[in-house]
Amino acid sequence: MNHIAPGRNAGVYSYDDIDRRFVAERVEQFRAQVERRLSGELTEDEFKPLRLMNGLYLQLHAYMLRIAVPYGVLTARQLRKLAEIGRKYDKGYGHFTTRQNLQFNWIKLEDTPAILHELAEVDMHALQTSGNCVRNVTTDQFVGAARDEVVDGRVYAEILRQWTTLHPEFTFLPRKFKIAIMGSDADRAAIRVHDVGVFAKRNERGEVGFTFYVGGGLGRSPFIGKLIRDWVPEEDFVAYLEAILRVYNQYGRRDNIYKARIKILVHELGQEKFTQEVEEEFARLRGPKYRLAPEVVDEIRRRFGGPAYETLTDEPESFQAAKSANPDFARWVAVNVLAHKVPGYAAATISLKPAGGIPGDATSEQMELIADLADAHSFGELRVSHAQNLVLAHVRQDELFTLWTALEANGLGTPNAGLIGDIIACPGLDYCALANARSIPLAQAISARFADPARQQLIGELGIKISGCINACGHHHVGAIGILGVDKKGEEFYQITVGGDPTLTTAIGDILGPAVTADETVDAIEAIVEVYLSNRHDGERFIDTLKRVGHGPFKERVYAAH
Amino acid sequence: MPLIKDGRIVEDDWVAVADGEPVPADRPAVVTFERWQAERASFDGRNAALGVRVKSGTLAPAIAPDLDRFALVAIEFPKFRDGRGFSTARELRERYGYGGEIRAVGHVIPDQYRFLLRTGFTSAEAPENTNPESWAHALTEITVAFQPSLDDPQPLSLLRRRLGS
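Chains L and H, in that order, give the protein sequences.
Numbering-wise (our numbering), the first sequence opens with residue 320 and increments by one.
Numbering-wise (our numbering), the second sequence opens with residue 1085 and increments by one.
What the hints contain is simulated information worked out from the structure, not anything from laboratory work.
Errors might be hidden in some of the hints.
Calculated cross-link-like contacts (lysine-lysine; reagent style DSS-like; alpha-carbon spacing at most 25 Å) [to be verified]:
id : chain 1 : residue 1 : chain 2 : residue 2
1  : L       : K497      : H       : K1163
2  : L       : K367      : H       : K1163
3  : H       : K1139     : L       : K578
4  : L       : K495      : L       : K578
5  : L       : K578      : L       : K367
Computed from a predicted structure; not experimentally measured.
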């Protein structure tokens, strides 16, 4: 057993000598691969998947390095390192992604081994953030903190991180492979639009098991994940995934990149046949070799440690007084703060979506400030959400006002988590070689139009998601309002969909009508919101009103001028 | 093409026989799986070792019934990114208990060598002009693994193990 220094940071998996040695070796391996590419020993075709498996993409203008934030959880120290790298090797900022990672968009190939080396100093890496392998596992940004949590998904996400790392059989899959895991009934990780979506739950005896959905995904052919097994016992967690991946690796299509995801295999084989293949493979694999022993799970759980919570009560007086005295603070609490499983604590979302801002971007200075706040108020731990915001998950309620004051003073107190200004957008044509249209300027224009926090709160829960092309990195299919950039004879147009839902009641949005220009899109969103507000019943969410009244009134209003 | 075994270039005892060419009776020979299927009776009574070369789309269950006839299975990688062969080799070993040589042929690169060994391959055909040092180095550069596999001397737990070189 390796000695593990007691973590100063709560709730972050602590590396030991073996973990560190592995990451260090991987850095050296990549350094050698870069050298072999530069010497011509590796062709560009051969080098490409190797660099992708180290998170390095070639974009429109430069290399992009995508750094892994395993299941979105990181320490203040790690965030400071990211800030430093942003300043030293990029343009002083980074971009948090919908898969809870961080991207630097202006990286030089020759700097990457040095950057990876610096990351390794804080137990970070860029492994498997790209390429046709199992990618960074994502989960609930409130994992380990949410009051409604049944199973702490971090433990199983970390098990997956380890098990998928340089998997000898599944590193050259037909296509990328994304797994998401949730440990509560609420779905905050878009489980059913992942290649594999897992719900961790407990039976009557309190034992942990998993429900598996397979074959969900967005992109040019969106599919909702299908339930293939309701209960996989904890000890078979790895064996069952091994079975799914083996079926996919053997039978997934390799003749057409657009048909290579597991969703197409599940669709073409049919849910029943696919499930049967997996079950047969699972029956063969199940056994001592792949058994996830309780001791292994306990050991990994131990490595997370736990925040040393104090015994407190909910809604302390000073917190209530601060809310009464300061309506802006009260609004931020109502919108951005979630109940914590421990009384007296709360999980606070730091919105990276200021009105007119670039969704998910943070400057090095902001990262450093947030790292300091994490140290001061959340046990030095923070999370990246799939909505591209940051979360301080364990804040004492009586410290929320101090936290908010510091955030507000630095432009980070935007009260719009889950509201219309909390837009998810892909990098779009500003960065991406695949894009048809820009996403960021449109997100900026929409959030500027709806800048008024009171108006946003009045509108309520309404997710806008923007993708600059059909690959759907901005998840437009599952946006309550989705926007897809299309190219019409060299001009940027946007197609609007409504009624998408990323939660367990997953729905793909319907196209409202013909694509419109960027300016018209902003007006169209406003029109949709007005129709919603004038039709909604008390407490009704946008998607519920839409279901009740149908597309008619929305379509009529949006295209009235055409 | 140079043959890699145990991290270095070795002499190849096997002769690869193209379809339509005569199969030498007195030395180890590899024929295509298609030829084996079409002419299997012609190999009855053969004394020298026989190997079979399978395309990446031919999976383990298809060759399993005849495995006891083959001293070598050569699994084709049409391009190195086509990873089906890793599953095929692993199934040959774990599901069908195959104990003969499993060879990677076609396009594989040193960066895959460790994966090949861990999924049950014993040898690999390297591209012409390959750098032998890169293959040797591939055995030592990573010393930690996180999954059970065939090349697996020191399991620390289900999830962690040290790799020998």
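Checklist entry - Tell me, which hint numbers fail for this structure? => result none
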